[in-house]
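Protein chains in written order, with the working numbering: chain A, 1 to 240; chain B, 241 to 633.
You may find that some hints are simply not true.
[Unchecked claim] Residues from chain B that face chain A, not an exhaustive set, calculated with beta carbons under 7 Å:
{"id": "1", "residue": "V324"}
{"id": "2", "residue": "S353"}
{"id": "3", "residue": "H357"}
{"id": "4", "residue": "A359"}
{"id": "5", "residue": "V398"}
{"id": "6", "residue": "T435"}
{"id": "7", "residue": "L443"}
{"id": "8", "residue": "S495"}
{"id": "9", "residue": "H496"}
{"id": "10", "residue": "F620"}
{"id": "11", "residue": "A623"}
For the record, the hints were derived by calculation from the structure and aren't laboratory data. Glycine included, every Cβ here is placed at the ideal spot set by N, Cα and C.
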Amino acid sequence: MRSLHVAGIGTWTRGPAADSPPAVLLPPAVRRRAGLLCRAVAEVVGQAAAEGGAELARTPLVYGSVYGETSAAVEMMGAFARDDGLPSPTTFHNSVHNAPAGYLSIATGCRIFSPSIAAGPETAAMALLDAFMLLVQRGGDAVVALADEPVPAPLGLPGAFPVAAVAFLLRTDPGRPSRARIGAPRRGAGAVPPIPADLAPHPCAPAFRLASALALGQRGAISLGGGGPDDWMVELSEGG
Amino acid sequence: MVAPPFPALPVTAHCAGNALGVTTLSVIGALEAGRTGLRPSLADPAHEMVLGEFPCPPEPPPAVLRTFDTRLVRISLMVLEEIVPEVERAVARLGADRVAVVLGTSTGGIRESEEAHAAWSTRGSLPEGFSLMNRHSFNGLLGAVRARTGIRGPGYVVATACSSSAEAIATARRMILGGVADAVLCGGADTLCTTTLRGFRSLEALSPGGCRPFSAGRDGLTLGEGAAFLLLEREGDGPAWLLGAGESSDAHHMSHPHPEGLGARLAMKDALAQAGLDPSAVDHVNAHGTGTPANDVVEAAAIGEVVGNRVPVASTKGYTGHLLGAAGATEAVLAIASIARGFIPRSLGASPVDPAIAAAIATESLRRPVRTVLSNSFAFGGANVSLLLGAGR
Numbered sequence: 001m002r003s004l005h006v007a008g009i010g011t012w013t014r015g016p017a018a019d020s021p022p023a024v025l026l027p028p029a030v031r032r033r034a035g036l037l038c039r040a041v042a043e044v045v046g047q048a049a050a051e052g053g054a055e056l057a058r059t060p061l062v063y064g065s066v067y068g069e070t071s072a073a074v075e076m077m078g079a080f081a082r083d084d085g086l087p088s089p090t091t092f093h094n095s096v097h098n099a100p101a102g103y104l105s106i107a108t109g110c111r112i113f114s115p116s117i118a119a120g121p122e123t124a125a126m127a128l129l130d131a132f133m134l135l136v137q138r139g140g141d142a143v144v145a146l147a148d149e150p151v152p153a154p155l156g157l158p159g160a161f162p163v164a165a166v167a168f169l170l171r172t173d174p175g176r177p178s179r180a181r182i183g184a185p186r187r188g189a190g191a192v193p194p195i196p197a198d199l200a201p202h203p204c205a206p207a208f209r210l211a212s213a214l215a216l217g218q219r220g221a222i223s224l225g226g227g228g229p230d231d232w233m234v235e236l237s238e239g240g
Numbered sequence: 241m242v243a244p245p246f247p248a249l250p251v252t253a254h255c256a257g258n259a260l261g262v263t264t265l266s267v268i269g270a271l272e273a274g275r276t277g278l279r280p281s282l283a284d285p286a287h288e289m290v291l292g293e294f295p296c297p298p299e300p301p302p303a304v305l306r307t308f309d310t311r312l313v314r315i316s317l318m319v320l321e322e323i324v325p326e327v328e329r330a331v332a333r334l335g336a337d338r339v340a341v342v343l344g345t346s347t348g349g350i351r352e353s354e355e356a357h358a359a360w361s362t363r364g365s366l367p368e369g370f371s372l373m374n375r376h377s378f379n380g381l382l383g384a385v386r387a388r389t390g391i392r393g394p395g396y397v398v399a400t401a402c403s404s405s406a407e408a409i410a411t412a413r414r415m416i417l418g419g420v421a422d423a424v425l426c427g428g429a430d431t432l433c434t435t436t437l438r439g440f441r442s443l444e445a446l447s448p449g450g451c452r453p454f455s456a457g458r459d460g461l462t463l464g465e466g467a468a469f470l471l472l473e474r475e476g477d478g479p480a481w482l483l484g485a486g487e488s489s490d491a492h493h494m495s496h497p498h499p500e501g502l503g504a505r506l507a508m509k510d511a512l513a514q515a516g517l518d519p520s521a522v523d524h525v526n527a528h529g530t531g532t533p534a535n536d537v538v539e540a541a542a543i544g545e546v547v548g549n550r551v552p553v554a555s556t557k558g559y560t561g562h563l564l565g566a567a568g569a570t571e572a573v574l575a576i577a578s579i580a581r582g583f584i585p586r587s588l589g590a591s592p593v594d595p596a597i598a599a600a601i602a603t604e605s606l607r608r609p610v611r612t613v614l615s616n617s618f619a620f621g622g623a624n625v626s627l628l629l630g631a632g633r
């Protein structure tokens, strides 16, 4: 399989008012338990699925995050400093990297395995590659979602970048008009599309640049790194 | 038997290290001797508990890899060393870009992040050398393994909690079948840390005296640490082949299994379907078998429904503890040992078996030909993987 269709995209960035995403995909009881990163992922997956008309009960999610659920992890570390401090069971299970995939599968009823991955600066490229391999094996649709939240102090800098998420609905057979065709990630040089300044330091910035390219209708090689020949890139071409 | 829809892939090298030993041979030797690696520990000073700690202080990495220095990386590199020559030969033969790496972990470098947080609490500053990207994040493990092996193909960490390294193996298989790579170093590692020690205690899931999977007296799981790696190739030979890798989601609850084991059944059936094998071909099931009251009974019922109640089932967590993200790869290595040595370990601590469990729990070790093993890994988030390993394609 040399290319897939991008049938929908979704983006969400937390603004200065520290807003929370609607994340209507999640039932209220699930939404209350889920962390902010989970809700951000649910929001962008919902947007991408709505645009492309995906049936989420049959659509696996490939979730990529460089740092994962750091709010829950650092909250627990604060508790450990207090002698015998125990985290709440919910905080503990919310701290796993695959929490968004777990919560979304509960919300959508999707029983197809949804991988959760990390690869440092190559996380966006590897999440897209994973989705390509899934669709080679089984066909149909897959949603790729990338998200990160600022790492809380003292381990990180709370204001370094905003909580933000982006999703791409990838489809084997378009069935309806798609935004573009996308080739499998490979190493090579490519364009570095513009994104808002606050997203430039975001760990998933390459994915936001790809979303920007899709929104602007750009075609050709799009870098998933800094643009150099050793970085990962994808080719965008006209959709179906 | 029908023709398999997907080709089997040879496991051309494998290794494991954990509480049973630092080398694969010592791990298998302890398993065959029926010796547990679980011991009382004060890893969490607030609570003595039984744990499966790595048996020696893991050595620091070479200076060039010091930026990645965590206990996770130390254990990983120490265990991996055993098969580095085979990996380097694959890189030389196939080209560094055609060899990929997929690793599983659930905690990454969080042990060092906990230490950094504690240091900041007392001293007001983070320790020298602390790095979010190279030590805290999963990228540290990936970077260290890439640097040690020279692999330049696609590489990432799969983090689906306790099924992470089983999913890494499933992903490796997909990479080769999808033409992305010709060989994939896959596996995983995890270390003991306060997050999991206290987290599982908050879930009231820890056994005070050591886990006893499938036993009427089981009272929880025991945590362990270690690493295991497999080299999966498109062509070659080895003591075992990966015949299938079934995957599913429970879509039920973040930390409880589906009450009817629906996801577990789907994963096992998927693995068998990929291999084109009838359930009667399965000679042994290496169960996820954590030792918690709910998980074991659900898994045993699911195994019974898929392969029947006459296939010997064992959990090896009574030997190693629950290695979380490293469990799937470790148990795949133990499954390979069962195939290569004609040996089914006794399910340590299982006797007397819970009468509610109908599966044929191996309360004694068995010597017999073993051609096909199912190895289960289930996780938080309902992420299930069942690997099917066999003596030949």
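For this session: Any hints from earlier that this structure breaks? Give me their numbers in increasing order, please.
Result: 1, 4, 9
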